[in-house]
Amino acid sequence: MNTSLHFHNGKFKIMQITDTQELHKVNPDTIRLISLALDREKPDLVVFTGDQIKGYSATFKGDTKRKITETLGEIFRPVIERGIPFTATFGNHDRNCGIGNAEQMEIYKTFPGFVFSVPHYSGDPGTFSLLIKDSENDKDIFCLYLIDSNSKEEDGTYSPVFKDQVEWYKNERDRISEKCGSILPSLVFQHIPVPEIFKAIKKVKKGTKGAVEAFYSHSNEFYVLGDETLKNGGFMHESPAAPDLNYGEFEAMKEKGDVLGIFFGHDHINSFVKNVDGIDLGYTQGAGFNVYGPGKERGVRIFALNETDTKSYETYTVTMSDLCDYKPAKPVTEFIYTHTPSSVKQVEKGVKKAAFAAAVSALGICAVRTFIKSKNR
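Residue numbers (the numbering used here): 1 to 377.
Below are the DSS-like pairs computed for lysine-lysine, each with C-alpha atoms no more than 25 Å apart in a straight line:
(1) Lys311 <-> Lys42
(2) Lys133 <-> Lys179
(3) Lys61 <-> Lys25
(4) Lys133 <-> Lys256
Since the hints were derived computationally from the structure, they do not count as laboratory data.
Since the model is a prediction, treat every value here as computed from it, not as a measurement.
All chains should be modelled from the sequences, with the hints used to inform the complete structure.
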């Protein structure tokens, strides 16, 4: 770690920013959201939880490393200019540019204020822990785990956090506990949700108002948020894109009660928190305006820690609509990204529906023509 993190007057505030998923030329609204949120909330640490760049974009072709560095520099600029420490893990799209996460992490380390520590191993630089000291900057009293939640399996489903990463967490937790003399309360940040996210939502019948259709192992199932989650301001406009495989990450984090919550992004138009078996599972909506998102409800999530009670915390989101009278810098782009499908599965579903409708229409036309011919005989 190259910067000491510590409480200030008994308080420590974290801002999670996820799915900026920017092109080489960054959308000014992404920077506007980050800047306004930073000025309003004044966090002590910013955590970027993956898909900082839209790695598959053609805008990164040719001189890729330079372009990625420029894009990251623009995304991080509001944080750096304000002198706020920040850190990051990776999403499934960062590596799509052709430059691996290890090389990208070396780029991250060149930015002033970037905080990091010894990773799981060199090939997994987005998996590491950060310790936060008390207001005296003397004693470690809180822990953050950043975990690279990987990408996709050969069958197209999302990968889980792997077995060796789960073992790393358990070993790291125990190492920190031995060093500090007690188990430290902690929060976990990663990009893709844990499979247990489906325990946080309610399965309903097809046709239920507001229900989203799931896929992969949950294909043909429909879900909504519970009334309490909705009342707390949560929203879910797409199915959780969680792994089918499960190597026990959530169960490991339940073992000793240290993990207060696991927070992720990935599904840009979801934002809610629900406690499952003693651990808060939380979505943060996307912050990027060059990718699909929830319109003016794009935002960031805040975590307010209190030194006198480190086993609890407050969390809430801050959206573009909270921060300003939002008028898109690129109205056409914003319209497209607000109405575009959220996943390949949704596109496939739309194509199938369109094909079915076309087939029905064609059959209808043929039936009418046949009927007319028969009447004219």
